[in-house]
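Enquirer: Protein chains in written order, with our numbering: chain A, 1 to 255; chain B, 256 to 558; chain C, 559 to 844.
Think of the hints as simulated: they come from the structure by calculation, not from any bench.
Do not take every clue at face value.
To be verified - Label pairs and their in silico Cβ distance ranges:
{"id": "1", "chain 1": "A", "residue 1": "D248", "chain 2": "C", "residue 2": "A837", "range": "50 to 58 Å"}
{"id": "2", "chain 1": "A", "residue 1": "N120", "chain 2": "C", "residue 2": "P640", "range": "26 to 34 Å"}
{"id": "3", "chain 1": "A", "residue 1": "E247", "chain 2": "B", "residue 2": "L447", "range": "27 to 35 Å"}
{"id": "4", "chain 1": "A", "residue 1": "H208", "chain 2": "C", "residue 2": "R840", "range": "49 to 57 Å"}
{"id": "5", "chain 1": "B", "residue 1": "D327", "chain 2": "C", "residue 2": "D784", "range": "43 to 51 Å"}
{"id": "6", "chain 1": "C", "residue 1": "P640", "chain 2": "B", "residue 2": "N299", "range": "51 to 59 Å"}
{"id": "7", "chain 1": "A", "residue 1": "A236", "chain 2": "C", "residue 2": "R838", "range": "53 to 61 Å"}
{"id": "8", "chain 1": "C", "residue 1": "D784", "chain 2": "B", "residue 2": "T317", "range": "19 to 27 Å"}
{"id": "9", "chain 1": "C", "residue 1": "A837", "chain 2": "A", "residue 2": "A236", "range": "55 to 63 Å"}
{"id": "10", "chain 1": "C", "residue 1": "I599", "chain 2": "B", "residue 2": "G364", "range": "27 to 35 Å"}
{"id": "11", "chain 1": "B", "residue 1": "L314", "chain 2": "A", "residue 2": "I61", "range": "32 to 40 Å"}
{"id": "12", "chain 1": "C", "residue 1": "N560", "chain 2": "A", "residue 2": "H208", "range": "56 to 64 Å"}
Bear in mind the structure is a predicted one, so any value in this text is a computation, not a measurement.
Cβ atoms here follow ideal geometry from the backbone N, Cα and C, with glycine treated the same way.
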Amino acid sequence: MMHNRKTAISAKNLNFFYGKSQALFDVTMDFAAHEVTALIGPSGCGKSTFLRTINRMNDIIPGTRVEGEILFDNQNIYDPGIDVVQVRRRIGMVFQRPNPFPKSIFNDVAYGLRINGITNRVELRDRVEKSLKAAAIWSEVKDRLNESALSLSGGQQQRLCIARALAIEPEVILMDEPASALDPIATQKIEELIVELKADYTIIIVTHNMQQAARVSDVTAFFYLGKLIELGQTDALFTRPRLKQTEDYITGRFG
Amino acid sequence: MDQSLRNKNRISRRLREKIIQSIFFTLSLVSILIVGLIFFFLFNEGVPIFQHISIRDFLFGTLWYPTADPPDFGIWPMIIGSIFVTSLASFIAIPLGVFSAVYVSEIAGHRAKEIIKPVIELLASIPSVVIGFFGMVVVSPFLQKTFDLPLGLNVLNASMMLALMAVPTISSISEDALNAVPRSLREASYALGANRWETITRVVLPAGLSGISTAIILGMARAMGETMVVLMVAGGAAAIPGSIFESCRPLPASIAAEMAEAPYRGEHYHALFATGIVLLILTFMFNAIADHLSHKYRMTESG
Amino acid sequence: MNLQRRRKWTQFLGLLCIRLSVTVIAAAMIFMVIFLFINGIGVISWDFLTQQPTDAMTRGGIYPAIIGTLYLTLGSIIVSFPLGVASAIYLNEYARNGRMIRVIRFGINSLAGVPSVVFGLFGLAVFVVYLGFGSSILSGSLTLGLLILPVVIGASEEALKSVPMAYREASLALGATKWQTIRKVVLPAALPGILTGSILGVGRAAGETAPIMFTAAAFYTKVIPDSLLDECMALPYHIYVLATAGTHINETRPIQYGTALVLIGLVLGINLIAIVLRARIRRRQG
Numbered sequence: 001m002m003h004n005r006k007t008a009i010s011a012k013n014l015n016f017f018y019g020k021s022q023a024l025f026d027v028t029m030d031f032a033a034h035e036v037t038a039l040i041g042p043s044g045c046g047k048s049t050f051l052r053t054i055n056r057m058n059d060i061i062p063g064t065r066v067e068g069e070i071l072f073d074n075q076n077i078y079d080p081g082i083d084v085v086q087v088r089r090r091i092g093m094v095f096q097r098p099n100p101f102p103k104s105i106f107n108d109v110a111y112g113l114r115i116n117g118i119t120n121r122v123e124l125r126d127r128v129e130k131s132l133k134a135a136a137i138w139s140e141v142k143d144r145l146n147e148s149a150l151s152l153s154g155g156q157q158q159r160l161c162i163a164r165a166l167a168i169e170p171e172v173i174l175m176d177e178p179a180s181a182l183d184p185i186a187t188q189k190i191e192e193l194i195v196e197l198k199a200d201y202t203i204i205i206v207t208h209n210m211q212q213a214a215r216v217s218d219v220t221a222f223f224y225l226g227k228l229i230e231l232g233q234t235d236a237l238f239t240r241p242r243l244k245q246t247e248d249y250i251t252g253r254f255g
Numbered sequence: 256m257d258q259s260l261r262n263k264n265r266i267s268r269r270l271r272e273k274i275i276q277s278i279f280f281t282l283s284l285v286s287i288l289i290v291g292l293i294f295f296f297l298f299n300e301g302v303p304i305f306q307h308i309s310i311r312d313f314l315f316g317t318l319w320y321p322t323a324d325p326p327d328f329g330i331w332p333m334i335i336g337s338i339f340v341t342s343l344a345s346f347i348a349i350p351l352g353v354f355s356a357v358y359v360s361e362i363a364g365h366r367a368k369e370i371i372k373p374v375i376e377l378l379a380s381i382p383s384v385v386i387g388f389f390g391m392v393v394v395s396p397f398l399q400k401t402f403d404l405p406l407g408l409n410v411l412n413a414s415m416m417l418a419l420m421a422v423p424t425i426s427s428i429s430e431d432a433l434n435a436v437p438r439s440l441r442e443a444s445y446a447l448g449a450n451r452w453e454t455i456t457r458v459v460l461p462a463g464l465s466g467i468s469t470a471i472i473l474g475m476a477r478a479m480g481e482t483m484v485v486l487m488v489a490g491g492a493a494a495i496p497g498s499i500f501e502s503c504r505p506l507p508a509s510i511a512a513e514m515a516e517a518p519y520r521g522e523h524y525h526a527l528f529a530t531g532i533v534l535l536i537l538t539f540m541f542n543a544i545a546d547h548l549s550h551k552y553r554m555t556e557s558g
Numbered sequence: 559m560n561l562q563r564r565r566k567w568t569q570f571l572g573l574l575c576i577r578l579s580v581t582v583i584a585a586a587m588i589f590m591v592i593f594l595f596i597n598g599i600g601v602i603s604w605d606f607l608t609q610q611p612t613d614a615m616t617r618g619g620i621y622p623a624i625i626g627t628l629y630l631t632l633g634s635i636i637v638s639f640p641l642g643v644a645s646a647i648y649l650n651e652y653a654r655n656g657r658m659i660r661v662i663r664f665g666i667n668s669l670a671g672v673p674s675v676v677f678g679l680f681g682l683a684v685f686v687v688y689l690g691f692g693s694s695i696l697s698g699s700l701t702l703g704l705l706i707l708p709v710v711i712g713a714s715e716e717a718l719k720s721v722p723m724a725y726r727e728a729s730l731a732l733g734a735t736k737w738q739t740i741r742k743v744v745l746p747a748a749l750p751g752i753l754t755g756s757i758l759g760v761g762r763a764a765g766e767t768a769p770i771m772f773t774a775a776a777f778y779t780k781v782i783p784d785s786l787l788d789e790c791m792a793l794p795y796h797i798y799v800l801a802t803a804g805t806h807i808n809e810t811r812p813i814q815y816g817t818a819l820v821l822i823g824l825v826l827g828i829n830l831i832a833i834v835l836r837a838r839i840r841r842r843q844g
């Protein structure tokens, strides 16, 4: 498993503050390219906060502050010279609750392409179709592209949001508990999709569901109280955790 | 698509975003700018009167004969008139407004609420000139007959009509304040065996008090600044009223009634603008108190 | 009387007072509308709505006043809508600095508290005289526009607040800039609410008298205005003039009722539409 691992993103001594209260403490870890990394831990452990520092989504929350570095493409994305818009174009995100725009299915997926200056109709159609196929939802929506995205079921909406993220061809996809609002069947589809997408994308997923982490991820990081407690190959971490805290959590003794 | 994190167009795009933000910022300053300009122009046009009369004589003089020779510019009767009608209107409107807010927020069933709320909202939307007209053609003859008066256009009539205009303000803002009172407080009171009236008067109203105070002050400010009603039904006599059945002339009525006849930049014109300054400062004080109260209220609300 | 009975009686009387208050308000409102309707409906005819006044205003219609009110209302919304929406966008989407927000809000609240006759004075001093627009539709529209600005800002802010944060996050996460997000996602979602709320401002502008007395309104105009710099008649001013300053107060009483009914019908109609639409939008947004 450890052969040819290329690092896509790394966090270096990352601290994060909401006003005066610190939410992340000195987090340092690497994310390998074309692997799925799961971030697990009890509620409030900082895993979602950490995920949102990777594409600077926390910037939009007033009163927050970051120390340390997130290195992507050999640059610290928090450098003053970095364009946050460009960061988010290359590091996509899928949210906990499906959040399609109140537009048609087609326009929802085309949104990201249009704001990136693609206006050619043929190209738009091709890329929307390609993304919907990649997100395994094409067959369900191909005859109703002009219907409202809000008319889809929750699971379909979430795959549409994944398609929307894929459309602008990011290198990394961040997923913040993408299946937590979905039923088991829709969840299974999303999980299968994640495993498929790994070939083309680096995926970082936050989940509170340990079975899910075990099913989809290659590497798992366990967070507790804002600190990275243990990081390892998923198989190893779940079967032979090195630390007592990790073991307590994954065996359900707290959390 | 450009893949560099240091976009070559980054400077221009960031600049564009900055420019857009500055445009919105500038436009959002228009309100405060206009308030500043209102003060500036009112002072600019009003202050020259004080070359002819001292501020003291202007405010406390009891004679208003703007076109006599020599003219008298004492607005004390108008100040008293404004205070008189505003106080009496508040006396009528406060219980009506607060009680109707209590009704909507605490007592009304779903259906009653769906009727009463729009009625109050629509009352707020009735043009003041129509309410003034109603005061002239309905309330005035009624008062004349009931109290055997020579004239039905008086302090009482104006106050009743002003109360109608202040009720919606008091009611809707009080209702917001009552809605903000947590349900748990009511439950706690009921659980201790209090009945509905006791819960309303001893728990809900005190908890919403600062919001209700804000509502009352804003309602009073509305009554004090209202023009058409007092212009049409207060009677218009520029003298200090001796009772609620006498006619009076509040500040806004004085301005509205005479501005058309005042020669441009004559003494009369300046005196009316100076009256406007007094009115503006009075209503501004009310609004400042309301702003202060509502801010305090929000602070305690969030802990 | 024992304690329990006294408590019951107090409650009974207290609740009675509350019910009485509501009844008084509702009765006053309903009586006023019905009274104007009964007295005004007989006057209203096609000719009344489409003809000029004649015979020293004692006969004829109110067509110029209707047209004048429409012009002034339209003009005021053209002035206040862009400014109001822009202010709301800044406050809700951009502003972060608490102190700056407080200053702007203080300005909006103060503006909302300025008495309408003071707006009239301001309009007279600035638009009529200083800028030289004279007593005209332009001066009146600008004055009314500033008067209803706080209403439009309030309505727009409420509409922007109701746009879910998730839409903004989704757009930003796709690499949209803030302005792209506002223009393509936030504003389209907020637009129905902004428009509905702004209708309330329109209703207010249509009914105001004091601000236009010195800035736009004419007692009588022979022709329909054909330029922004013309004076115009207006429904509320027409009522005021006929009811107080005319030389034939009693002869014109029917016209006064008719004009009042037209005005109240216009304003209540506008507001009713806004209230119904708003309720529908709120329900849809759950």
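Enquirer: Hint by hint, work out which the structure violates, then give me just those numbers in ascending order.
Expert: 3, 4, 6, 8, 11
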